[in-house]
Structures are given as C-alpha cells and as structure tokens.
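Make a model of the complete structure from these sequences and hints.
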Amino acid sequence: MKDSTWLVSDSNVIQRSEYYKEGVLLPDRTIAVGERGFAARNDDVIVTGMTVMFLILAVVLYKGRYMLLHRLKDFFTSKRTYTEDDAEGSSSEAIYVFLLITVSVLSLSCIFLDDRIALSHFLSVTGVPYWLFGVGFVVGMAFIYLKAWCYSVVNWTFFDSDSNQRWMIGYLLMTALTAFLLYPLALLDIFAHVSRETVIGGAILVVFLYELLLFYKLIANFKVKKYGYMLIFLYFCSVELLPTLVFGHLAVWYSDNYLVKNILY
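Residue numbers (our numbering): 952 to 1216.
A hint or two may mislead.
[As the list claims (entries may be wrong)] Per label pair, the in silico range of CB-to-CB distance:
#1 ALA990 x SER1189: 36 to 46 Å
#2 VAL1190 x HIS1144: 34 to 44 Å
#3 VAL1158 x THR1108: 23 to 33 Å
FYI, nobody ran anything at the bench for these hints, they're computed from the structure.
For glycine and all other residues, C-beta sits at the position ideal for the given N, C-alpha and C.
Below is the structure:
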C-alpha cells in the first residue's frame, strides 16, 4: 500500500507537471520528503530588486529633498504657498512622486506575497512566481491612480480648481511618502527574523497614519459651514476608506481562495 502522502483529492500544479507523472511510476521507498522552504532573503532576484529600490529612494531623497520639504510644508497649511515656477519643476516632481509610489507599491507587494510564496513546497519544480510581484505592482498602481482620477472628477464637480489641485498634490505626496515606511518594513520582513504579526501590524499602522493625514488635509483644504464636517467625513469614507477596505478584502480573498490553491500548490 502506498503511503498516505500520495493520497490527494484535488488536482494541483504539481500533479499536472511532467515530474509528478514520472515520479508516481518510481518504486515507493516509504519515505515522505519535502524540499527546503522558500526564503526571500536567499533569492537573487528579490535581493536585487530590494537593492534597486534602495537606490531609487536614495536618489529621490538626495535630488528631490527640497521639493519634498516644500510640499510637506504646503501640506500642513490651507493656504496656497506654491507657484507654477517651483524650484524642482512639475515634470521632475511628477517623476519623483511616481518613483516613490513605485517603491511603496512594490514594498507592499513583497510584504503581502512573501509568506504566500513560502507556503509552496515545490518551487524547485514550478519556479519562483516572480510574475506575481508584477501583477501586484500593476494592480496597486492602477488602484492609486484610478483613485486620483476619481478624486479629480468629484472634486472638480464640487470644489474650485485651486482646492482640487492642492488636494491632488497632497494625496499623491502622502502616497509617495509611505515608501519611506513600507520599504523598511519590507526589509524587516525579508531579511530579519521578525514575526509576521509585527510586520503586518506595522503595515496597518502606516495605512492608519496615511488615512489620518489625508483626512486632516481634506478638512484643512475644503472649507465647510457649521454642520458640513459630517458631509466631509462621509465624502472621505465613500471615496477613500471604502475603496481601500474593498481592495484589501479582495486581495485577501484572492490570496486565500485562488492564489494558494491554484497557483502555489
């Protein structure tokens, strides 16, 4: 009788491979074995990617430090303190913000996917699914910039163009600056022996601070009458908190119900 480890109920990526079809024909030595678990810190591609992200942060922080300080100062005021002829220029600023958002999204993808990939015990057969990081990047960037587009449309409908512009700058700035917090968390998750709960708790704290600062900017930016703060809060929940919560739940659902069962196993 074959060992119980050969008894599986559902077809998976291993059983559909040629290695498995050849392996089941080999004599059964009654020894169940498994390969060494995946460790992202030992993967050359992931380590190279983390190094590249560090260089991006270093270059942006060095070349765009005055722009970042200028925008931070503007973020915490309700008055317009910038002009069209800022020192860094709009094109270079857009590039810096885009690069920082890229690092932020990739760092979050690493935190989210690292333990998912580690669940697979057959990576030597299937290979490390690096494409998942690409999918996480595309989905994350699309979510951020689609929200920016929705903000632009809604704010253009209800507020003046100057307030709309200051809000968009503040939204993209805060999103970009999360890179300086999420990247260290990704480093801890990959290279340090830090518990998964600590890393996830840190990521949740970053998101909480991020949403809190955006809510502050919303109140400071859009002046309301006596009972208008409730409307501002409802507006913020509908265009910021609700999409974020839905996106998070969809990501967890996809990971638990499709990614692990159909791709990594």
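We went through each hint and held it up to the structure:
A hinted range of 36 to 46 Å for the beta carbons of ALA990 and SER1189 is consistent with their spacing of about 42 Å. For the pair VAL1190 and HIS1144, the supplied restraint of 34 to 44 Å holds, since their beta-carbon distance comes to about 40 Å. Taking 23 to 33 Å as the suggested C-beta distance range, the pair VAL1158 and THR1108 conforms, at roughly 27 Å.
The structure fails none of the hints (numbered hints given earlier).
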